[in-house]
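Q: For reference, the chains in residue letters:
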Amino acid sequence: DAGVIQSPRHEVTEMGQEVTLRCKPISGHNSLFWYRQTMMRGLELLIYFNNNVPIDDSGMPEDRFSAKMPNASFSTLKIQPSEPRDSAVYFCASSKDIGNQPQHFGDGTRLSIL
Amino acid sequence: KNEVEQSPQNLTAQEGEFITINCSYSVGISALHWLQQHPGGGIVSLFMLSSGKKKHGRLIATINIQEKHSSLHITASHPRDSAVYICAVITGTASKLTFGTGTRLQVTL
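In the order they appear, the protein sequences are chains A and B.
Remember, the working numbering sits 11 above the position in the first sequence when you count from 1.
Remember, the working numbering sits 1051 above the position in the second sequence when you count from 1.
No wet-lab data here; the hints were simulated from the structure.
Every value quoted in this text rests on a predicted model; they were computed, and no experiment measured them.
Keep in mind that the hints are not guaranteed to be accurate.
To be verified - Example chain B residues on the side facing chain A (calculated, C-beta under 10 Å, incomplete): (1) Gly1091; (2) Gly1093; (3) Phe1098; (4) Lys1119; (5) Ala1139; (6) Gly1153.
Stated by the list, open to error - Quick look at which bits of chain A chain B covers, simulated, 3 or more residues with Cβ under 8 Å: (7) 22 to 35; (8) 116 to 124.
To be verified - Distance condition first, Cα-Cα at most 25 Å in a straight line; then the derived SDA-like pairs of lysine to any residue: (9) Lys1119/B <-> Pro113/A; (10) Lys1106/B <-> Ile1116/B; (11) Lys1147/B <-> Glu25/A.
Just so you know, even glycine gets a beta-carbon here, dropped at the ideal spot from N, CA and C.
Just chain A, with the same shape it has in the complex (with noise of 0.2 Å):
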């Protein structure tokens, strides 16, 4: 089965422009989680989604941070405008549903805003 897939791997923008991350959860899966990993703070949990509606977005740092689940197999998490401190690993994790269930999560996308 294929696991949480992120897309792009790596981003790199200058300051000021729009960021957008990719998720696709485990199919079956329906629970969804953004995460941020700074060398500072470690992991901290953005927001997270439960049958496609935001549960939780009190982690989502300023308003311009936003994100989406349209359908139960894709999310995006958008930055606009992006600056140097939104540098980061954004990984994305999914779970079969809310509770103690494990979550599974992608490799990541590397941010860096110059």
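Since the structure of chain A is provided, determine the placement of chain B on it from the hints.
A: Coordinates of chain B only, in the frame set by chain A:
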């Protein structure tokens, strides 16, 4: 103070040694994850547990809910075990994870 504390932050061991990584948390949880992140960056879930002990190969995870403490043990460590090990707790009824800062393990020959 972080809700999830790990120790040690860094650990170097020789091949074959028994390794213990500790995780303490200060909030009520419904379950706890141990994750492994290799130098390439990918994250793998090793265990999810809410009580007692789980074993998978050379890895053993234990949790004491009353003491709010979990340990990850690696028996007969090997250089391929070199990675960052991250403890994460699930709070509330959702799958929201709160992460520890990780333990960087280096196993040498």
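Q: Taking the earlier hints as the rules, which of them does this structure contradict?
A: Hints 4, 7, 11 are the ones this structure does not satisfy, whereas the remaining hints hold.
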